[in-house]
Amino acid sequence: MGDLGQILVGGVTTGSLYALFLLGVLIVFQVSKSINFAYGQVGMIAAFSAWFLYSEQGLPVPVALVVGVLLAVAVNSAIDYVAIRRIPAGRPGLDLVVTLGIFLLITAVMQQLIDANAHTFVPLGADTRTEVAGVVVSVNDGVVVGLTAVVIAAAYLLLNRTSLGTSLRASAEDAGIAQAAGVNVRALRTATWAVAGALGAIVAVLVASRLSVDAFYMTPFLIKAFVAGMIGGLDRFWLPLSVAVALGVYESLAVFWLGASAGTPAVFLLIIVVLALVPKRFVNERNEVRA
Amino acid sequence: MTSAILRRPRGEAGNATGERKQGPRRLLTRVAVFAVIAAVPPLLFDDYWVFMSAQVLAFAIATLGLDVLYGRTGQMSLAHASFMGVGAYTTYLVSSLGYGLAVQLAAVAVVSLIAALVVAVPTLRLSGLRLALVTLAFGELLAWVVRNTTDLTGGTQGASVDPLIIGQLDSSEPLHAYLIALVPAAIATALAAHLGRTQLGRRMLAVRDTELAAESVGVAVSRTKITAFLISAVYAGVAGWLYAAITGFISPPDFDLFASVYLFVAVVIGGAGTVVGAWLGAAYVVLVPELFTLAGQPNLYPIVGGALLAIVALLVPDGIVGLGRGAWRRARRVRDAQEGAT
Numbered sequence: 004m005g006d007l008g009q010i011l012v013g014g015v016t017t018g019s020l021y022a023l024f025l026l027g028v029l030i031v032f033q034v035s036k037s038i039n040f041a042y043g044q045v046g047m048i049a050a051f052s053a054w055f056l057y058s059e060q061g062l063p064v065p066v067a068l069v070v071g072v073l074l075a076v077a078v079n080s081a082i083d084y085v086a087i088r089r090i091p092a093g094r095p096g097l098d099l100v101v102t103l104g105i106f107l108l109i110t111a112v113m114q115q116l117i118d119a120n121a122h123t124f125v126p127l128g129a130d131t132r133t134e135v136a137g138v139v140v141s142v143n144d145g146v147v148v149g150l151t152a153v154v155i156a157a158a159y160l161l162l163n164r165t166s167l168g169t170s171l172r173a174s175a176e177d178a179g180i181a182q183a184a185g186v187n188v189r190a191l192r193t194a195t196w197a198v199a200g201a202l203g204a205i206v207a208v209l210v211a212s213r214l215s216v217d218a219f220y221m222t223p224f225l226i227k228a229f230v231a232g233m234i235g236g237l238d239r240f241w242l243p244l245s246v247a248v249a250l251g252v253y254e255s256l257a258v259f260w261l262g263a264s265a266g267t268p269a270v271f272l273l274i275i276v277v278l279a280l281v282p283k284r285f286v287n288e289r290n291e292v293r294a
Numbered sequence: 023m024t025s026a027i028l029r030r031p032r033g034e035a036g037n038a039t040g041e042r043k044q045g046p047r048r049l050l051t052r053v054a055v056f057a058v059i060a061a062v063p064p065l066l067f068d069d070y071w072v073f074m075s076a077q078v079l080a081f082a083i084a085t086l087g088l089d090v091l092y093g094r095t096g097q098m099s100l101a102h103a104s105f106m107g108v109g110a111y112t113t114y115l116v117s118s119l120g121y122g123l124a125v126q127l128a129a130v131a132v133v134s135l136i137a138a139l140v141v142a143v144p145t146l147r148l149s150g151l152r153l154a155l156v157t158l159a160f161g162e163l164l165a166w167v168v169r170n171t172t173d174l175t176g177g178t179q180g181a182s183v184d185p186l187i188i189g190q191l192d193s194s195e196p197l198h199a200y201l202i203a204l205v206p207a208a209i210a211t212a213l214a215a216h217l218g219r220t221q222l223g224r225r226m227l228a229v230r231d232t233e234l235a236a237e238s239v240g241v242a243v244s245r246t247k248i249t250a251f252l253i254s255a256v257y258a259g260v261a262g263w264l265y266a267a268i269t270g271f272i273s274p275p276d277f278d279l280f281a282s283v284y285l286f287v288a289v290v291i292g293g294a295g296t297v298v299g300a301w302l303g304a305a306y307v308v309l310v311p312e313l314f315t316l317a318g319q320p321n322l323y324p325i326v327g328g329a330l331l332a333i334v335a336l337l338v339p340d341g342i343v344g345l346g347r348g349a350w351r352r353a354r355r356v357r358d359a360q361e362g363a364t
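Chains as they are written, first to last, in our numbering: chain A, 4 to 294; chain B, 23 to 364.
Chain B with its partners taken away, still in its complex shape (with noise of 0.2 Å):
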């Protein structure tokens, strides 16, 4: 799957009838790689490694998501974890109410879709900017909430989230809540994938690159930029979903500015535009924190990802993506180079 992003050039419309050719192909060489993946930690690894597994696959569709609104879109939300965290209440409400899978999901994607539309409708029919700095309150308001409703949400305590429990599987099972997560973020990897190639997706480059210019030729901007946070809200509610069921405890401080931040930083380092990035990204902001706590210095994390934010956005604008789709295209340089030589 990799490679196969890695060498479609961004931007080119490439040739079209070797496209089409080659589309079923590449599809296939995709999925293929993608269950290789898939299958490693269930296979190899033991409980606690397949739990961090499972925990990537939910901090995957969030970063999808955010990836959408950031990526493709160019706006910054400061509040994508709050929104996982309006997806992790929601469940817990709703799950302690006894209602079961689709009760729950749709409950997560109607509040996701309310909460975003109060935030986005105002702020991005105007500047960017406006938005970052609402979604910065909007995260305080949600700790606010939490912290006044002890009855109902558990309050700065936290809460005991009941695992989701869909026939034999049940998600307080690491390997079960790997599998349960599999499905929904092999759905959200698929359609953030297929954005790219519909109307909709390019109206969010065009946004992206220059909006006096995407206006100038017909893009409704505002309705695209609220088109791209109300997805990215839902991808965020569903992840908390996710989240909630497979760790079966949330409290505020996983959804606060700094989560946000976080997952932010994951974006941008993994590569932001890109399905691969946003899963690099979600590799990070699980791994990454977990490796500093085994090492016995997990205070140095946070330095970390601020000191990377800021380097990697200035200085590698395309994140690790952008570094190896370097490195691929130097190495097909040599290669052609010599292939011409002989």
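Just chain A, with the same shape it has in the complex (with noise of 0.2 Å):
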């Protein structure tokens, strides 16, 4: 039992991260319809800047984190204004090509800036642990789970029952009318950019703490986030931050029950069966012509 108490405890956690990172991903998606493949690179630039600062650089960590995930923040915003929104109408789908072309070249001039090499990060309280009714918690475990709550919870706190939620709904509903009624769409736009940049870099920093930092390490995660939010559906918001954090035990449970390389193919055959096996209307977004 305290063997597979340990596992849920480290699934709930990684699940939980896939969570908070999701959240950035459905925010994007749903004020501007559209997918950011660099979205794991942007929050690596958080990380792997920070690391270069304080332990290349000299800087307190805490001065590191945060110019990092500034870092993050303006480079997130940066591929809105500059990139995503100047995709002419009618072009659907080049969203993907596009922030794929980013990815390639944030992290190509990440590897040419820092390195190549995997570092260790500050762990973040990852090496503080304590034991609860026989499992071990590391204080991360605590800080990840936590925050991860906190966030979603105000997350759908602010887009339900604030007028700053009704007028993002609104923008992601219809953006003409919502802007013929006096919304601000674009400055909305350039705000859920921003506060995904955030999300990702906070997420790619506790990451890091958890395992180290490289120009590649946000992409497997990146990968498991986006196939939560292809099972839920990116349009909806409990259901795949939830699929988010089944897929942490799971992938946990498998990697317990067959082995520690099991992860990579348990997931992959998951995603296979469930688009397989669940009725197209519960998996699809709405079908309307995105142009």
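Misleading hints may appear alongside valid ones.
Unchecked claim - Far from chain B, some chain A residues (derived; all Cβ distances over 10 Å):
{"hint": "1", "residue": "V12"}
{"hint": "2", "residue": "F55"}
{"hint": "3", "residue": "G96"}
{"hint": "4", "residue": "N120"}
{"hint": "5", "residue": "D130"}
{"hint": "6", "residue": "V154"}
{"hint": "7", "residue": "E176"}
Claimed, not checked - Per the computed footprint, the stretches of chain B lying under chain A, defined by three or more beta-carbons under 8 Å from a beta-carbon of chain A, are:
{"hint": "8", "stretch": "46-60"}
{"hint": "9", "stretch": "102-116"}
{"hint": "10", "stretch": "152-164"}
{"hint": "11", "stretch": "270-283"}
{"hint": "12", "stretch": "296-302"}
For the record, the hints were derived by calculation from the structure and aren't laboratory data. Built from N, CA and C at the ideal position, the CB exists for glycine as well.
If you follow the hints, you should be able to join the two separate chains into one complex; please do so.
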């Protein structure tokens, strides 16, 4: 039981990180109808440059982390401002192509500016452990789960209980009508990209503190968060986020039962089976012309 | 060949009788141009550049396949290099058992088809976005399989592939490899060019341009997308087969996510939706990294690739072919205007 409990704690923690990251994907998709492939790399910028600043340039760790997060916010907003917004109408799917280019660009530039090796990151409490009911829990685990719960609850309340949330949902529904009703759609859009940048950066820093940091470590993470989004549906709220947490638990269980290398094929199998079996109307986005 | 394709306006049926009369002559011109270009490397280049040219031929099959999927059908695959890897590793396994050309090709086709069916059938009955994301996971899966089957595939260390021997030809000789690669590359080009004239090719364009409208006129959208994916996977598999035979060595980084992205960059830069564009893309994806390496700046290649992909996709939707076509039209307009004046 102790073993299984340990696995569950690990799974829920990883799943919470997927969920927090996915929240950034969801708000951007719902307001801008775009997918950002470079999103994981935006987070990577925060963690990797923070590492560079404190370890190579001798900045205090908190300052380095704040600079990293701000950098990610700036880059994510710039992606929308410079690229996504300029996609002409009637070219659906181009957001994927353009952000794929940005993905490659960010990876290569960061590799060129810093290096291509993996480095240990500040543990942020991952090395301070206590035992609770036979299960070892680190401070980092607690921070991850707590932060995820608070941020998701806050996002839900913001979206559903405030006038800002109403404006956001209105621009997500129909930007033209929202604009006509006096909502500043462009500012809201920039704000969602900036907030998503901050979320991605925080998740990337937490992931780095639990593993290590290099120019590529966020890509497998991005894939899994997207998988959860695909299964749950990108235009919903609770379902994809719950799927993200469940995916973390599922992955941990697969690793526990089938061995350390079983995570990747288990996730692939899951997505294929789910997409093959679940009824079309349940997993598809609303059937609208994205043009 | 270039000018003939450039002159044909896309999506316009044109004047039917004129097309028919011009047909054979135009075809002859294209074959002649292809033959002339194909004769250049063996006659003028040294061994090393013939070797690079042979790789261009292999990659041309891959980009033609990706173009069928992305350029013609509008679906995005982020695992095209991984499907090349499926072909390459199948070749490696089959050839290490001692089988020759026919069995190798049959195995590559069958394995590519099965892998493509597993990826495409569940995802493509849904949206194209699903395909992009699942193919992303497929690349990870292939890397995982190779990493965890070191005994069978050589793992992360890579594996040496036995050269392909057909009669007097031995693919470890650059010139022979070039000649061997020429045949499948020519067949793949002819098939891809012909596809545009078939009903399937037109259905693909309809699906690309607007799915809703295509569906409303009776196009089986999912089936068309899945067919396109299967065609592109077999193209990639054959490209991987050739790549393994030509280079004689394969390893996981040749077929990872970045390799897939580079193929994507190639198709977009060359000009999505055209055969010429796919060939330009293949030349780009083989020769440009080589040029950067020769210039002593290999790290610039991914930076330039990423920037080009974003910029070209946004600003030059039809790539180099589109630029060429625009220049040609402008030139002709000037000429027509001058003729009108005299």
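Comparing the hints with the structure gives:
1. V12: holds (25 Å)
2. F55: Label holds. Min Cβ-Cβ 17 Å, cutoff 10 Å.
3. G96: Contrary to the label, G96 of chain A does not stay out of reach of chain B, its closest Cβ about 6 Å off (not over 10 Å).
4. N120: Given a closest Cβ separation of 14 Å, the condition holds.
5. D130: Label holds. Min Cβ-Cβ 29 Å, cutoff 10 Å.
6. V154: Fine: 24 Å to the nearest Cβ keeps V154 of chain A off the interface.
7. E176: holds (19 Å)
8. 46-60: violated (count 0)
9. 102-116: n = 0 at 8 Å, threshold three: violated.
10. 152-164: Result for this restraint: holds, n = 9.
11. 270-283: holds (count 3)
12. 296-302: violated (count 0)
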